[in-house]
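Those sequence lines, one after another, are chains C and F. Just so you know, we're using our numbering here: the first sequence kicks off at 199 and counts up by one. Just so you know, we're using our numbering here: the second sequence kicks off at 11 and counts up by one.
Keep in mind the hints are simulated off the structure, nothing from the lab. Where hints are given, some of them may not hold.
[Said to hold, decoys possible] 35 Å max Cα-Cα, derived DSBU-like pairs, lysine-lysine: (1) F:Lys237 to F:Lys215; (2) F:Lys237 to F:Lys90; (3) F:Lys215 to F:Lys21; (4) F:Lys237 to C:Lys220; (5) F:Lys227 to C:Lys220; (6) F:Lys227 to F:Lys237.
[As the list claims (entries may be wrong)] Here are the simulated distance ranges between beta carbons: (7) C:Pro244 to F:Met19: 50 to 58 Å; (8) F:Gly214 to C:Asp274: 31 to 39 Å; (9) F:Met19 to C:Glu219: 50 to 58 Å; (10) C:Asp227 to F:Pro240: 41 to 49 Å; (11) F:Ser102 to C:Gly245: 54 to 62 Å; (12) F:Arg16 to C:Asp274: 49 to 57 Å; (13) F:Arg106 to C:Pro244: 44 to 52 Å; (14) C:Asp227 to F:Ala135: 43 to 51 Å; (15) C:Arg236 to F:Pro240: 31 to 39 Å; (16) F:Phe110 to C:Glu235: 44 to 52 Å; (17) C:Asp227 to F:Met25: 55 to 63 Å; (18) C:Ala223 to F:Met25: 53 to 61 Å; (19) F:Met11 to C:Pro265: 31 to 39 Å.
Note that the structure is predicted; figures quoted are calculated from it, not measured. Cβ atoms here follow ideal geometry from the backbone N, Cα and C, with glycine treated the same way.
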Amino acid sequence: MRFFASFREAAGRSSVEFDGEKSLAALLDEITERFGERMAAELYRPGTRELRPTVNMLLNGVPLRLPEDLCVRLRDGDTLAIFPPVSGG
Amino acid sequence: MERYARQTMLKGFGMEAQRRLQRARVVVVGLGGLGSSASIYLTAAGAGNLLLVDPDVVQLSDLNRQILYCEGDVGRPKAKSAAESLSRLNPSVGLRGLAFALTEENAEDIVGGADVAVDALDSYAARYILNEACVRLGVPMVHGAVEGFDGQVTTVIPGRGPCLRCILPGASDIRREVPVLGPTPGLIGCIQAMEAIKVITGIGKPLVGRMLIFSGKEMRFEEIEVKRNPGCPVCGRGG
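Chain F with its partners taken away, still in its complex shape:
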């Protein structure tokens, strides 16, 4: 446990929080910029079991921000490379890579049994599928998204606050390649890892009902309060 000494010595954290972390099952959906950062910090913190989901292979243009990979990984499946990289970081974490996409058909199987899901996806079409599965199964989800120097994070705890469809009822995917500077998903993915740890351990106040907006050029963090929508097709009365 020397590995985790610097966090277990934190007041309010201790061995109890560490044990919760080590028993936790976390699903990281998306192993790009956000997923790289989030999974690295979750692994380093000792989150017990990570399920890593991504259908893509590593490309050279990923390496400005997807810090899980190196040049030798170009052309290899992300799910496999990620599991190897994270295993080197912390061999005691259970790591399983799924090299296929989250779909409506498999979402509940992927998310089922998880203590928290990390939305590290790159499309709202996929995010809405993940959101719906998480709401149906009662699995908390930490949403993150980035572009350029900007990012956003919010935490969905089903039944407690708004879900992603409440907050962004009609977000669309404009383009396939989103321009982004490396530190942006690095930072937002880190925040997602911290939020996931807070959900697992019960420490602190997760971003439920709050969308954190980061504007990197001005180096500003802002918060928008968001309420649950009673008419939400996913988590509302009719959902």
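Isolated chain C (complex conformation):
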């Protein structure tokens, strides 16, 4: 999993590797537990487990539709990139 911008700040690192097959939802639970409140604040609306609209993820270069793709299973060799797209001009 590769973290960019504010997600990297929250994780304190630019990437982390995971073993075994798991769903995206399970992976997000794992990184929230591992990286704590700051990661939770980047991912979810306050006090909920509802993904913020600023969360953007690409699986092997292809964007995921959220929250529909939370059930997608991640396998060995997959790369998930997570970044918050900005919108100002």
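Let chain C serve as the given structure and place chain F on it in line with the hints.
Only chain F this time, still in chain C's reference frame:
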């Protein structure tokens, strides 16, 4: 041509690239922080014809980052002030200002015939309209966006790589006023100008299929590879 001597002397650039630039038609959609920076460098480089699109008037709070304008422009339409400012910089560039917003109804008229479009907009609603028009007409588009100390850039070349809807299928506009430090759109707009010049001249490798992410606090540039989505509603099989 003395004006452009320092770029025409670049190996691989020369008079041929300069001629391509001078024949080029560029549409800059949005004349805020990004559009200011991008249009200044495109004008300085001698891009032949710029169409400048923005419905807004200059506000005092724009001046921390929208370097096309000065205090005397507050209250004036950006499209008009921008054309005047750029004309002073380089009178040989054809400049036309459109003081209205890009919409679904006028997007193809605005983008039609352009060699490249610069997405200097401040909402994804408008960006998706521009993206769709560019994909339909086969016009390359350089997307940029900023917030705070952070920014992103990617170049869409229809048929060659992902479009903006492939990369960001469901981006939304959270708030009207985005906090931003001046150098952020200055930098990202500059990169957009460089990307537009590369598309026009054929020099270098544009950011096709690559999203460049800039994090200013750490002063870091990173790249995410992005693939075309075959199911994209805009550029995919069903688009």
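Status of each hint after checking the structure:
Among the hinted pairs, F:Lys237 with F:Lys215 is consistent with the structure: their alpha-carbon atoms are about 16 Å apart, no more than 35 Å. Only pairs whose Cα atoms come within 35 Å are accepted, and F:Lys237 paired with F:Lys90 is rejected, the gap being roughly 39 Å. A distance of roughly 16 Å separates the Cα atoms of F:Lys215 and F:Lys21; the hinted pair therefore holds under the 35 Å criterion. With a C-alpha separation of about 23 Å, the suggested pairing of F:Lys237 with C:Lys220 holds against the 35 Å cut-off.
Distance hint between F:Lys227 and C:Lys220 is fulfilled; the C-alpha atoms sit about 34 Å from each other, no more than 35 Å. For the hint linking F:Lys227 to F:Lys237, the alpha-carbon distance of about 28 Å falls within 35 Å, and the restraint holds. A beta carbon spacing of about 56 Å between C:Pro244 and F:Met19 agrees with the range 50 to 58 Å that was offered as a hint. Take F:Gly214 and C:Asp274: their Cβ atoms lie about 36 Å apart, and the range 31 to 39 Å holds.
Against the hinted window of 50 to 58 Å, the Cβ-Cβ separation of F:Met19 and C:Glu219 comes to about 56 Å, which satisfies the hint. Restraint check, C:Asp227 to F:Pro240: a C-beta distance of roughly 30 Å breaks the suggested window 41 to 49 Å. The hinted range of 54 to 62 Å is satisfied by F:Ser102 and C:Gly245, whose Cβ atoms lie roughly 58 Å apart. The given range of 49 to 57 Å is respected by F:Arg16 and C:Asp274, whose C-beta atoms sit roughly 52 Å from each other.
For the hinted restraint 44 to 52 Å between F:Arg106 and C:Pro244, the CB-CB distance of approximately 46 Å keeps it satisfied. For C:Asp227 and F:Ala135, the Cβ-Cβ distance of about 32 Å falls outside the hinted range of 43 to 51 Å, so the restraint is violated. Taking 31 to 39 Å as the suggested C-beta distance range, the pair C:Arg236 and F:Pro240 conforms, at roughly 36 Å. Checked against the hint of 44 to 52 Å, the C-beta distance between F:Phe110 and C:Glu235 comes to roughly 45 Å, which is consistent with it.
Between C:Asp227 and F:Met25, the C-beta spacing of about 60 Å keeps the proposed range 55 to 63 Å intact. Our hint of 53 to 61 Å for C:Ala223 and F:Met25 holds, since their Cβ atoms are close to 58 Å apart. At roughly 57 Å, the beta-carbon separation of F:Met11 and C:Pro265 lies outside the given 31 to 39 Å, and the hint is violated.
The earlier numbered hints that this structure contradicts are 2, 10, 14 and 19.
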